[in-house]
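What follows is the residue order along each chain.
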Amino acid sequence: MKLNEIVQKLNGKVLNSKINLEIEVKGAGGADLMSDVLASIQPQAILLTGLCNPQVVRTAMMADVLAIVLVRGKTPPAETVQLAENERIPLISTPFGMFEACGILYQAGLSCLEKPVSDQDCFAG
Amino acid sequence: MTEQTPLRKSSLISDQEAENITRVEELAYEIKVQEVMTPNPITMTASMKMQEVLEQFRVARISGAPIVEEGQLIGIISIEDLIRCLIKSDLEAEIQKYMTRNPFTVKGDDPVVEALKMFVSTKVGRLPVVNKEGLLIGILTKGDITRGLLKALQQDYQTEEVRRYRASHLFEDIESERTSLILRYNIKAGDFTHGGEASSKIKRALSRMGASPQIARRCGIATYEAEMNLIIHTTEGGVIRVEIEPHQISIDVYDSGPGIKDVELAMKPGYSTASEKVRELGFGAGMGLVNISRCVDIMKLESVWGKGTRLRMKIFLKKEDTVGEGHAAKSLEEKR
Ligand SMILES: Nc1ncnc2c1ncn2[C@@H]1O[C@H](COP(=O)(O)OP(=O)(O)O)[C@@H](O)[C@H]1O
Ligand SMILES: [Mg+2]
Numbered sequence: 001m002k003l004n005e006i007v008q009k010l011n012g013k014v015l016n017s018k019i020n021l022e023i024e025v026k027g028a029g030g031a032d033l034m035s036d037v038l039a040s041i042q043p044q045a046i047l048l049t050g051l052c053n054p055q056v057v058r059t060a061m062m063a064d065v066l067a068i069v070l071v072r073g074k075t076p077p078a079e080t081v082q083l084a085e086n087e088r089i090p091l092i093s094t095p096f097g098m099f100e101a102c103g104i105l106y107q108a109g110l111s112c113l114e115k116p117v118s119d120q121d122c123f124a125g
Numbered sequence: 001m002t003e004q005t006p007l008r009k010s011s012l013i014s015d016q017e018a019e020n021i022t023r024v025e026e027l028a029y030e031i032k033v034q035e036v037m038t039p040n041p042i043t044m045t046a047s048m049k050m051q052e053v054l055e056q057f058r059v060a061r062i063s064g065a066p067i068v069e070e071g072q073l074i075g076i077i078s079i080e081d082l083i084r085c086l087i088k089s090d091l092e093a094e095i096q097k098y099m100t101r102n103p104f105t106v107k108g109d110d111p112v113v114e115a116l117k118m119f120v121s122t123k124v125g126r127l128p129v130v131n132k133e134g135l136l137i138g139i140l141t142k143g144d145i146t147r148g149l150l151k152a153l154q155q156d157y158q159t160e161e162v163r164r165y166r167a168s169h170l171f172e173d174i175e176s177e178r179t180s181l182i183l184r185y186n187i188k189a190g191d192f193t194h195g196g197e198a199s200s201k202i203k204r205a206l207s208r209m210g211a212s213p214q215i216a217r218r219c220g221i222a223t224y225e226a227e228m229n230l231i232i233h234t235t236e237g238g239v240i241r242v243e244i245e246p247h248q249i250s251i252d253v254y255d256s257g258p259g260i261k262d263v264e265l266a267m268k269p270g271y272s273t274a275s276e277k278v279r280e281l282g283f284g285a286g287m288g289l290v291n292i293s294r295c296v297d298i299m300k301l302e303s304v305w306g307k308g309t310r311l312r313m314k315i316f317l318k319k320e321d322t323v324g325e326g327h328a329a330k331s332l333e334e335k336r
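Here the protein sequences line up with chains A and B, keeping their order.
Quick note on the working numbering: the first sequence kicks off at 1 and runs consecutively.
Quick note on the working numbering: the second sequence kicks off at 1 and runs consecutively.
Next comes chain A alone, as it looks inside the complex (with noise of 0.2 Å):
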């Protein structure tokens, strides 16, 4: 799917200018925990994320990331845009809430490039 069409899907705003939505779009992942999106997104696919710091920009340049949508309709602070800018990834807001916003791309036919950590039992308390 082309960037393009998510952004039209998910009623979304493009937050830098100089980006390219033509590009092709192999997958997304979900999550709003930084070490959970470099433990399991695979490369190449857009996030979405309810986190806008300029910490989201550079995860997403860590590990890969395409393009990273900011659900719930949250603006940005301009560092998180300017740094988006610099970096050349395009950030995206969408109205939608992470689930419809996940809901719909994933009725669409976008596949999931969250990788799965199960092997790892979680601390409790």
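Note that these hints are calculated values from the structure, not bench results.
Any given hint could be a false lead.
[Claimed, not checked] Distance condition first, Cα-Cα at most 20 Å in a straight line; then the derived SDA-like pairs of lysine to any residue:
| id | chain 1 | residue 1 | chain 2 | residue 2 |
| --- | --- | --- | --- | --- |
| 1 | B | LYS32 | A | LEU66 |
| 2 | B | LYS117 | B | LEU150 |
| 3 | B | LYS142 | B | VAL130 |
| 4 | A | LYS26 | A | THR75 |
| 5 | B | LYS201 | A | ILE89 |
| 6 | A | LYS18 | B | GLU160 |
| 7 | B | LYS117 | A | SER17 |
[Said to hold, decoys possible] Over 10 Å on every C-beta distance to chain A, these chain B residues come out as not near it, computed from the model:
| id | residue |
| --- | --- |
| 8 | VAL59 |
| 9 | GLU80 |
| 10 | LYS123 |
| 11 | GLU160 |
| 12 | GLU175 |
| 13 | THR193 |
| 14 | SER199 |
| 15 | SER200 |
| 16 | LYS203 |
| 17 | ILE315 |
Yeah, the Cβ is synthetic: ideal placement off N, Cα and C, and Gly gets one too.
Got chain A; can you put chain B with the ligands on it based on the hints?
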């Protein structure tokens, strides 16, 4: 160019060519119309004679000109209009009889892609370029766009290529028993705004040195988690030191406190002492050290409570991942 590149026989697009095509698309979004247009074009006024259009077109070798009245664009006259006039032998008529009024225009600070769309939808041969106030600042043809894109493509291809070439041949001409490159970064405690900057630089350096995307990614993720730990958990910040050798990357991250009370516990997935504020930023999931261990080949975490923490990591490079040695060195290895 002095040498003619032979025409490609194959109709398939190579990876390199495909990369160039998408880069052209990107550039079409980045470059502004005013960067590629012809500035200060020859203009005429509506009351001039068509005879003068003929003269100007012939002398200046142009095929169209904007018509202005006090700086404001009011029309455009093209070679097609001139031909219509010539057929009627009407060269004594005023330009306003033949010109196109209210022509399509583009803005100087529009990206080139807007102009391309306009050329496709209107089928005109040239577009007057105006500024925010609607004053004429230039004229644009498809040829201007092609030339501008080619120039930009060549420029940025060359700079990145030169950088990559220099970096990837770094170790080749240096003779020593063991050559390495050391990168060092000081990280400030609590400096969330710059969090991840060092790791981005490290990742970029590795890519330029010819590391595979997988190696650059593993190294980037591991250093990023370690960098964030320095920012989140230390009192005075710390240092990231990366040593790059053709066969391995060694990352050393150390700080002077507060140290970790129970290292084994800290390594457990989900264990975190991060504050609520840090969690709101998306950190403090207690997965950092676990992520690091998945990305590197060797990981050693040592800490003394009250003194400081030292995290050492190594990523081994297989032949095909070797950094700092050009392609030629690799094929030499293969022959051996
Ligand atoms: N450099 C350090 N100095 C002090 N404590 C640290 C350091 N690095 C990690 N820790 C401790 O180890 C815990 C686990 O680290 P990590 O797995 O990165 O998770 P997180 O950073 O999300 O808490 C931290 O919560 C912290 O208590
Ligand atoms: Mg951490």
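Going through the hints against the structure:
Using a Cα cut-off of 20 Å, the hinted pair B/LYS32 and A/LEU66 is violated, with the two alpha carbons roughly 24 Å apart. Under the criterion of a C-alpha separation no larger than 20 Å, the hint pairing B/LYS117 with B/LEU150 is consistent with the structure, at around 18 Å. Restraint check for B/LYS142 and B/VAL130: the C-alpha separation of about 17 Å stays at or below 20 Å, so the hint holds. Distance check on the hinted pair: A/LYS26 and A/THR75 sit about 26 Å apart at the alpha-carbon level, beyond 20 Å; violated.
This hinted pair checks out: B/LYS201 and A/ILE89 have alpha carbons roughly 16 Å apart, not beyond 20 Å. In summary, the hint linking A/LYS18 to B/GLU160 is supported, as the alpha carbons are separated by about 19 Å, within the 20 Å threshold. Restraint check: the Cα-Cα separation between B/LYS117 and A/SER17 comes to about 17 Å, which is no more than 20 Å; the hinted pair holds. At the 10 Å boundary, the C-beta of B/VAL59 stays outside the reach of chain A, the nearest C-beta of that chain being 40 Å off.
With a least CB separation of 33 Å from chain A, B/GLU80 remains clear of the 10 Å interface cut-off, as annotated. Every CB of chain A lies more than 10 Å from the CB of B/LYS123, the least distance being 23 Å, so the non-interface label holds. The non-interface label for B/GLU160 is consistent with chain A: the shortest C-beta to C-beta separation is roughly 13 Å, beyond 10 Å. The Cβ of B/GLU175 sits about 35 Å from the closest Cβ of chain A, beyond the 10 Å cut-off, so the non-interface label holds.
Listed as a non-interface residue, B/THR193 fails to keep its Cβ farther than 10 Å from every Cβ of chain A; the least gap is roughly 7 Å. Remark: the non-interface label on B/SER199 conflicts with the geometry, its nearest Cβ contact in chain A lying 6 Å away (cut-off 10 Å). Not every beta carbon of chain A lies more than 10 Å from that of B/SER200, the smallest distance being close to 6 Å; the non-interface claim is violated. A beta-carbon of chain A comes within 10 Å of the beta-carbon of B/LYS203; the shortest separation is about 7 Å.
No Cβ of chain A comes within 10 Å of the Cβ of B/ILE315; the nearest lies about 15 Å off, and the non-interface call holds.
When held up to the earlier numbered hints, the structure conflicts with 1, 4, 13, 14, 15, 16 and fits the remainder.
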